[in-house]
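Undergrad: Sequence lines, in order, name chains Z and G.
To convert, note that position 121 of the first sequence is 121 in our numbering; the numbers rise steadily by one, no gaps.
Add 146 to a position in the second sequence, counting from 1, and you land on the number used in our numbering.
Keep in mind that the hints were calculated from the coordinates and are not lab data.
Remember, predicted model here, so these are calculated numbers, not experimental data.
Don't be surprised by glycine CBs; every beta carbon is placed ideally from N, CA and C.
Don't take every hint at face value.
Said to hold, decoys possible - Under the rule of at most 25 Å between Cα atoms (straight-line distance), these lysine to aspartate or glutamate pairs were calculated in the DMTMM-like manner:
| hint | chain 1 | residue 1 | chain 2 | residue 2 |
| --- | --- | --- | --- | --- |
| 1 | Z | 130 | G | 225 |
| 2 | Z | 130 | G | 188 |
| 3 | G | 242 | G | 267 |
| 4 | Z | 130 | G | 235 |
| 5 | G | 272 | Z | 120 |
| 6 | Z | 130 | G | 292 |
| 7 | G | 364 | G | 380 |
| 8 | G | 364 | G | 379 |
| 9 | G | 196 | G | 229 |
| 10 | G | 364 | Z | 108 |
| 11 | Z | 130 | Z | 118 |
| 12 | G | 272 | G | 390 |
| 13 | G | 242 | G | 188 |
| 14 | G | 242 | Z | 65 |
| 15 | G | 242 | G | 225 |
| 16 | G | 364 | G | 397 |
| 17 | Z | 130 | G | 397 |
| 18 | Z | 130 | Z | 85 |
| 19 | Z | 130 | G | 269 |
| 20 | Z | 130 | G | 390 |
| 21 | G | 375 | G | 299 |
| 22 | Z | 130 | Z | 108 |
Unchecked claim - DEER-style ranges, computed between Cβ atoms:
| hint | chain 1 | residue 1 | chain 2 | residue 2 | range |
| --- | --- | --- | --- | --- | --- |
| 23 | Z | 125 | G | 156 | 41 to 51 Å |
| 24 | G | 206 | Z | 101 | 50 to 60 Å |
| 25 | G | 390 | Z | 123 | 28 to 38 Å |
| 26 | Z | 123 | G | 156 | 42 to 52 Å |
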Amino acid sequence: MSDLVWLHEDALSMDHPVFDRAAPGSLAVYVWDDAYLQQVDYGFKRLLFIYESLLELDARIVRGDFVDCLGRLAREQGGRIRVPETPNPRLQQVVEQLRGEFEVDVVDGRPFVSLPREADLRRFFRYWNKARGAAMNAGGGAGESC
Amino acid sequence: MDELAREFPSREALVDYVAGLCPRLDDHRASEIAGGESAARERLQAIEPKRYGRTRNFLDGAVTGLSPYIRHGILTLDEVRNEALGRCERPAQIEKFIQELAWRDYWQRVYRRHPERIWQDVEDYKTGFLADEYTDELPADIAAGETGVACIDQFIATLLTSGYLHNHARMYLASYVVHWRRVRWQAGARWFLHHLLDGDPASNNLSWQWVASTFANKPYIFSLDNLRKYASDDINVASADNAEIDASYDELTRRLFPRLGKSS
Chain Z
1 MSDLVWLHED ALSMDHPVFD RAAPGSLAVY VWDDAYLQQV DYGFKRLLFI
51 YESLLELDAR IVRGDFVDCL GRLAREQGGR IRVPETPNPR LQQVVEQLRG
101 EFEVDVVDGR PFVSLPREAD LRRFFRYWNK ARGAAMNAGG GAGESC
Chain G
147 MDELAREFPS REALVDYVAG LCPRLDDHRA SEIAGGESAA RERLQAIEPK
197 RYGRTRNFLD GAVTGLSPYI RHGILTLDEV RNEALGRCER PAQIEKFIQE
247 LAWRDYWQRV YRRHPERIWQ DVEDYKTGFL ADEYTDELPA DIAAGETGVA
297 CIDQFIATLL TSGYLHNHAR MYLASYVVHW RRVRWQAGAR WFLHHLLDGD
347 PASNNLSWQW VASTFANKPY IFSLDNLRKY ASDDINVASA DNAEIDASYD
397 ELTRRLFPRL GKSS
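Work out the full structure: start from the sequences and follow the hints.
TA: Structure follows, in structure tokens:
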């Protein structure tokens, strides 16, 4: 059984940790969903940028509805889908729909800094005061900077 | 489900193909900025993080142009930061550079925690006006880059032709739209998201809210004098061609926010 890896617009990379988790021989795919692209109203330049970026990935490009395409391909691959984490509510919704039928594994990207979940985000500088030490180090790890 | 093509003899052929996928769009002009990891790596190799700290606010400063690649996960904040750290003797030399990467991380965190804030006012405007006193739609002269304010029209032309704009120019333009024209920030944010290659709901919309003052303690405004300090040589900063923004900060504040003085 191999996995299906869904490369969406927030993770157009073969270097994402999702590939560390995927079984050998997994299939990566980008879905060109016209209804979604119309909803988000991206202009042509943006769409071209995305398409041009896809050409450097070892991934199929298919056109159709997200859930329909991913479902079909996942069935062919063996039923497990791995997805780079995204804050995009519409893409999260697709993931939830797929969970009804498939095992879906959402994989975080490499963090810029590790902060507690409840970190104060009311203004940037409250965040920066907490994040600065780690942000100034390679890998975003703890430690004194400068 | 249709399989889409992956091989093209030229960029022109790719442009034609993608244009065929989206006939509903009437503008099929390409940006000069190329997508893909190899273009991203080329730009990453060219970053000057120390000079960035000194010059980033200038429209011809040493900005990186990496945002379209970061936005789409082609490069991560982590690897850009690590690359930059390799180009300085001490991290403190590139703190400004890392802080700007941190802004994106911050906006993404706010997005994850409060997705509703992306399109809703986080707070009230601090301009003396209520939200419903702002126009909902982007005026046609702004969309076309024909406002009559020369520098603003130049920024709009750059946005429309390249899909990219220097951050400072974005702030000037957003400020003009919201405060000079009294347009709701949401209309401007939608417009930017349509055109910008790096358009991101979090960074874009929350920055518009910062300019508007619905996610900041005061509205962001600028003057022609300020713009002259940071403008590149190609920007028309003549007083006669930019009359609407040619005044002192005090005068502009009085003109743009006439109710503020009365309440304080």
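Undergrad: Indicate, hint by hint, whether the structure satisfies it.
TA: Verification of the supplied hints:
{"no.": "1", "hint": "Z:130 to G:225", "verdict": "20 Å, holds"}
{"no.": "2", "hint": "Z:130 to G:188", "verdict": "32 Å, violated"}
{"no.": "3", "hint": "G:242 to G:267", "verdict": "28 Å, violated"}
{"no.": "4", "hint": "Z:130 to G:235", "verdict": "24 Å, holds"}
{"no.": "5", "hint": "G:272 to Z:120", "verdict": "22 Å, holds"}
{"no.": "6", "hint": "Z:130 to G:292", "verdict": "44 Å, violated"}
{"no.": "7", "hint": "G:364 to G:380", "verdict": "31 Å, violated"}
{"no.": "8", "hint": "G:364 to G:379", "verdict": "30 Å, violated"}
{"no.": "9", "hint": "G:196 to G:229", "verdict": "12 Å, holds"}
{"no.": "10", "hint": "G:364 to Z:108", "verdict": "35 Å, violated"}
{"no.": "11", "hint": "Z:130 to Z:118", "verdict": "12 Å, holds"}
{"no.": "12", "hint": "G:272 to G:390", "verdict": "22 Å, holds"}
{"no.": "13", "hint": "G:242 to G:188", "verdict": "22 Å, holds"}
{"no.": "14", "hint": "G:242 to Z:65", "verdict": "42 Å, violated"}
{"no.": "15", "hint": "G:242 to G:225", "verdict": "16 Å, holds"}
{"no.": "16", "hint": "G:364 to G:397", "verdict": "16 Å, holds"}
{"no.": "17", "hint": "Z:130 to G:397", "verdict": "38 Å, violated"}
{"no.": "18", "hint": "Z:130 to Z:85", "verdict": "23 Å, holds"}
{"no.": "19", "hint": "Z:130 to G:269", "verdict": "24 Å, holds"}
{"no.": "20", "hint": "Z:130 to G:390", "verdict": "41 Å, violated"}
{"no.": "21", "hint": "G:375 to G:299", "verdict": "18 Å, holds"}
{"no.": "22", "hint": "Z:130 to Z:108", "verdict": "21 Å, holds"}
{"no.": "23", "hint": "Z:125 to G:156: 41 to 51 Å", "verdict": "48 Å, holds"}
{"no.": "24", "hint": "G:206 to Z:101: 50 to 60 Å", "verdict": "53 Å, holds"}
{"no.": "25", "hint": "G:390 to Z:123: 28 to 38 Å", "verdict": "31 Å, holds"}
{"no.": "26", "hint": "Z:123 to G:156: 42 to 52 Å", "verdict": "48 Å, holds"}
In terms of the numbered hints stated before, the structure departs from hints 2, 3, 6, 7, 8, 10, 14, 17, 20, listed from lowest to highest.
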